[in-house]
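> Each chain, written out:
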Amino acid sequence: MSRLVRRPLAVLQWEADLPRSFIYEGQRHQVLWVLDEWWEMGDWWKAGRDRRMVRVWTDVGACMDLECEDGVWRVYRVWD
Amino acid sequence: MFVHLHCHSPYSFLDGASSIEALVAQAAAQGMPALALTDRNTIAGQPEFHRLAAAYGVKPIAGAELTMEDGSQLVVLAEHAKGFRHLCELLTRMHVEARDRADPRLREADLFERSEGLLVLSGGLRGFVQRALARRAYGDARRFVERYRDVFGDRFYLEWTADGLPGCARRMRDLLQLAEATGVPDVAATDVRAASPEEVAVHDVLTCIRVGCHLQTPHPERPFNRLGYLHDEAEARRRFAQDPRAMARTVEIAERCSPVFPAEGPLFPEYRDASGRGGVELLDQLVWQGARERYGKVSPELQMRLEHELAIIRDLGYADYFLVVWDIVRYARSRGIRCAGRGSAADSVVAYCLYLTDVDALNRNLLFERFLSRERAERPDIDIDFASDRRDEVIDYVYRRYGRDRVARVATYQTFRARSAVREVGRVFGIPEELLDTLAKRIPWSTHADEIEEALERVPELRDFQPYRRAFQWMLAISRQIAGFPRHFGTHTGGIVISGEPLMKVTSLQPSASGWLITPYDKRLLEDVGLVKLDLLSLRTMAAVEGALRLGTARAVDYDRIPMDDEATFASIRRGDTIGVFQLESPAQRALQVRLGAESLEDLVASVALIRPGPIQGNMVDPFLARRRGLEPVSYLHPKLEPILGKTYGVVLFQEQVIEIATAIAGFTPGEADELRRVMSHARNRAEMEQIGERFVQKAVRQGVPLETAKTLFSYIRGYASYGFCEAHAAAFATTAYKTAYLIEHHPASFFAAVLNQLPMGYYPAHVICAEARRRGVRILPVDIQESDWDAGVPEPDAIRLGFRLIRSFSESVARALVEERQASGPFRSLADAVMRLPQADALHVERLIRAGAFDRVETRDRRELLWQLPRWLALRKERDLALFDTIAAPGQAEGAARLSQSMPPMSLAERIADEYSVLGVGVSGHWLSLYREALRDEGYCTLAEAGEKPEGAKVTVAGLSIRPHRPPTKSGKTVVFFTLEDETGLADAVMFETVYRREGAVLFTPFGRLIGLSGLIERRGGLKAQIRVEHIWTLASG
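In order, the protein sequence lines correspond to chains A and B. Per the working numbering, residue 1 is the first one in the first sequence, and the count goes up by one each step. Per the working numbering, residue 10001 is the first one in the second sequence, and the count goes up by one each step.
Check each hint, because a few of them may be wrong.
Per label pair, the in silico range of CB-to-CB distance [claimed, not checked]: (1) A10477(B) / R6(A): 22 to 32 Å; (2) V72(A) / R10136(B): 33 to 43 Å; (3) R49(A) / A10234(B): 49 to 59 Å; (4) E10233(B) / Q13(A): 30 to 40 Å; (5) P10220(B) / R6(A): 23 to 33 Å; (6) L4(A) / E10233(B): 51 to 61 Å; (7) V72(A) / V10151(B): 44 to 54 Å; (8) R49(A) / P10220(B): 19 to 29 Å; (9) E10235(B) / A62(A): 42 to 52 Å; (10) D10140(B) / Q13(A): 37 to 47 Å; (11) Q13(A) / A10234(B): 22 to 32 Å; (12) D80(A) / P10220(B): 23 to 33 Å; (13) K10974(B) / L4(A): 42 to 52 Å; (14) V72(A) / A11037(B): 30 to 40 Å.
Calculated directly from the structure, the hints in this document are not laboratory data. All C-beta atoms, glycine included, are put in the ideal place defined by N, C-alpha and C.
All chains should be modelled from the sequences, with the hints used to inform the complete structure.
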């Protein structure tokens, strides 16, 4: 099961162009593994933006999908 | 370095979003040494791809993406000519054996059997390997790879596609492991559907059209991201950083492959007759023999001309080409199939002596080099018109004579135009169907998909759609981008290729809907491949002529000996009475004839060439007419023009004259002149036209021509562009035009009956043909169950009996059964008798016979009553209760029928006429307008016949059916609408200018414009025939 959250995160540290550690809802997460990565096309006919998605596993045992749209990173989905 | 090896163009049909030129240009701009084109299950784009790749300095690699039996896809590249031949054979087998023509599949065994010369890439996510890896079936993937490795060896590659889809990283990790484990190299590839990321949106829309969904609907076929574009090397390095060798292999593969066009060696067959003779020797013999037959004796002038032509034909190696065409025409003539050559071939005296054309190029002083020249060395192109109803017999002969594996029909591609783009793209954006339908129907037919926005601004009948501009924004933008993309594949009307070697050396073949095998190449590009096209066209006029000669008084006519100076025929043409005459029947032509006053065939040649967009836009019609009548002096912009334009009164009328002007004024070499001709025949390419224009002006000035004169002269050429005829072609058409005019003038019933049997043909529908026949004193007899045949006939010299074929959706087999039954068992006694004796006729057929009035003579009962009785009789026929049936069948005796006739009013005249128009396309009980004449008179309307008697400038108010309103191009760019009106007294032509059209004339192009009233002024423009200049126009339809 997962929850769609689409909330902002604060990147603390980068690795290449991906967040390596970030704070989400007051908790610090360290990315242990990038499980998957993909790109999505937005609803272009409604001026929807394209986005990059990464699925990460963090040091607190969280699995989340992070999205990057126009250079802004957010937590898109949190997996149970 | 990186090379794209998996690339789709619009020939993948709704699965490629960028033109071939855009793809090649992008590859060239990115410095790529090569590019592969791999459209899905077709090589249709390869000729264009090879041509453009050569122009942009990119090496072309031919290939295709093939769909296998299980639905997975593989990319196959041709290493060299033999590999390409194998690819062609595989594609042919797929298409020929396909259960569903739209979804051909390839058997793996077939691919393995023809593996030589082919390189195979395992395919992207639609390929078997990646599909198996995506579902974690590693074992399946491995077995597949090992199987292909064993067959293809070092010609099989695993396609590594960094497609950016979820799971891609894992899939590619597994793929690289598989490569390691099997020893099969991986190669970097992007499944390219667009030249740039922006155009992926176009691919999205095209995919929605293909799978039939809206943009709001998710679908696995739709692009998930924008990564499927033709990216550069830097992007490739980023995507395939994990294994740089995979990128290097793209270049290695490109180096292994060679371009496949043009094919090596000549492809045209060598002609040999039954005794083994052929080549130049046979051609010489046939030509001199034909010359003696055609001219009586060979004069020195004729001898010199023939020797000149034969020398060029011999030097260029086209003797076999002429012999093959001669052979085909000879076959047609021997079977009594009427035919005539058209186009530039009529510039040749050799063609005339071989009976390929009927135009005497010697006495017309036509230039052979317009057809064939040493400098151009291009392949000759002879087009032959055959009677439409027998043309396929000729094509059958060609297949038999030259081999079924060496002959194929040519493809034609219907491309996205404004109407189709609006319907299909609009639907994807969720715009209501009804709105799209109304919009599409009102867009002028010729509008291109990239001109819709301009049409919304310009065309008055599209004014109602202005409020939707915002909603249409994306639809218009996408339509602009897909303009000209192929949408449907079909068979070209007459194009055929003949090869001396099996065609599959250079092309695949696929069956058309009607079973012909077609090469997928567009006719324009066959020459690039090395193939030679013949146009064996089907001309309904030829079939109409043939039909007329079998009917009524025309049976006595020897068509080939029709006198070419018949005064009655010319008088009729001068009156503008040319409805039904080949090429001279449009309102513009009829108006021209009245002003021109044709006296000889030469005038008709000019007429055919004058009413073309080129001369009209170049404003050449009025000066030509005025000069011919001596109302204005013949002047030339430069003395060098006099010998070129003398016979057309200083006006540029024929394509040949344009070429001669370029040579005489600007000193163009034959090569440059030919380039000008090519640019002219692609008139939409403005940039090329400007470029050649600059060269013309520069060279003309260098030759001493004043700058302004040179510029003015080129403006004539530009205005003329491609829209003119060559003189030879005009002469060929004019000959047929005159002969059809002769048949109409002296044998109208025969000719118009034959025309009715060939509809749709020419310019007018059945009711106009019948109106014109009546005007000429021919009686139109209705469809009659006792008298009619499938075809219209001529039972008396001045009468046409309409045939069953005119009845909408009436089957020929039912009509034939009806006639056979009538001949075998005698006339039908009643409707019920017919129903009983014709089990082939279902309810729809009998209903249409009733509504067309076919039973009026045998039935005393009204049509309405017959329609009410019909279901009961059909039910009885089904029950085969013959005894009861006989009782009821007796006219007037049925109890039910008696009750009905008392309770139901008979069908009114208006209802009968409405039914006849709807079922037959022509009123036989009367004319629409006659129903309303009394009321119209009360409101001040006069008939068209009365209007025609009024003096110049008189104001008239008339009503009628509007026929063929159209808006030809004009020099000023302003809209002029020409149309014809029909009422119960005949026809009249009308013209409406821009102001009236913009104010109230748009109604003509809407469903309400069929029955109209108008007021205007009578004009005669130098002739006797009246034309109405419209001042006001309104609909008489109730909606």
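> It remains to establish, for every hint, whether it holds in the given structure.
A quick look at each hint next to the structure:
no., hint, verdict
1, A10477(B) / R6(A): 22 to 32 Å, "holds, 30 Å"
2, V72(A) / R10136(B): 33 to 43 Å, "holds, 34 Å"
3, R49(A) / A10234(B): 49 to 59 Å, "violated, 23 Å"
4, E10233(B) / Q13(A): 30 to 40 Å, "holds, 31 Å"
5, P10220(B) / R6(A): 23 to 33 Å, "holds, 24 Å"
6, L4(A) / E10233(B): 51 to 61 Å, "violated, 38 Å"
7, V72(A) / V10151(B): 44 to 54 Å, "holds, 51 Å"
8, R49(A) / P10220(B): 19 to 29 Å, "holds, 22 Å"
9, E10235(B) / A62(A): 42 to 52 Å, "violated, 32 Å"
10, D10140(B) / Q13(A): 37 to 47 Å, "holds, 42 Å"
11, Q13(A) / A10234(B): 22 to 32 Å, "holds, 27 Å"
12, D80(A) / P10220(B): 23 to 33 Å, "holds, 26 Å"
13, K10974(B) / L4(A): 42 to 52 Å, "violated, 59 Å"
14, V72(A) / A11037(B): 30 to 40 Å, "violated, 60 Å"
Against the hints set out earlier in the document, violations occur for numbers 3, 6, 9, 13, 14.
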